[in-house]
Amino acid sequence: MAFIIGIGLASGIPTHAGYSNAYNKGQGALIVEGFNPLGGFGKFCSVVVALGLIANTVAPTYSSGVDFQILGRYAEKIPRVIWNTVAVIIYTVCALAGRSNLSDIFTNFLALMGYWAVIWTAIMLEERYIFRRGVEYNWDAWCEPKKLPIGIAGFIAFVVGWVGAILCMAQVWYIGPIAKLVGKNGADMGSYVGFSWAALVFPPLRYLERRFFGR
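Per the numbering used here, the sequence shown starts with residue 3, numbered consecutively.
Quick caveat, the hints were computed from the structure, so don't treat them as lab data.
One thing to keep in mind: the hints can contain errors.
[As the list claims (entries may be wrong)] EDC-like cross-link-like pairs, simulated, lysine to aspartate or glutamate; straight-line CA separation at most 16 Å: (1) Lys79 / Asp69; (2) Lys149 / Asp106; (3) Lys148 / Glu211.
The model shown is predicted, which means the values in this text are computed figures rather than measured ones.
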């Protein structure tokens, strides 16, 4: 619901003067302005939306404890509540430090996440449908490093994919040398090139990894 309300309010910024003026003051002011026609009930709705945004951080905060614990056996020994507290401190500091340019930071971060996701997807799809096709996963070996893939092929393919993405990305803060060759402002080809480069490199490397290490 919070996301749908955000889409609706953002859509009115270019055409609604009240929304535009409120947005210039801050995102909170925009939420209040959107519910302003409802009077007192609108203020109540604004508070509910604000609390809803806070509630959306509960699940990621909880899962952060699990994420930290998979770093290694040493991390498992530390109680999850401590890791959750560390995560809260980290994202609180980041929020305070970037509060003046939050929109730009999120936009730039989402672009980097997009590059990361497509490179990771290329590697996982090839691992699943080329090397593990028709083979059941050994779920009991998930915490036994000696039974898991070493990861050399995946790491190299991931790095190569990122090299392609960096060379071909076109963002406000950086335009890669290959992206500059297309048009006046460059063309963002980072996702496509990152995916394809990782997809080309991973299969032969994974084949060699399985041949020499057996896993």
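Hinted pair Lys79 and Asp69, Cα distance within 16 Å: With a Cα-Cα distance of about 13 Å, the restraint between Lys79 and Asp69 holds, given a limit of 16 Å.
For the pair supplied as a hint, Lys148 and Glu211, is the alpha-carbon distance within the 16 Å limit? With a Cα-Cα distance of about 14 Å, the restraint between Lys148 and Glu211 holds, given a limit of 16 Å.
Run the distance test for Lys149 versus Asp106: straight-line Cα separation, threshold 16 Å. 43 Å, violated
Of the numbered hints stated above, the single one contradicted by the structure is hint 2.
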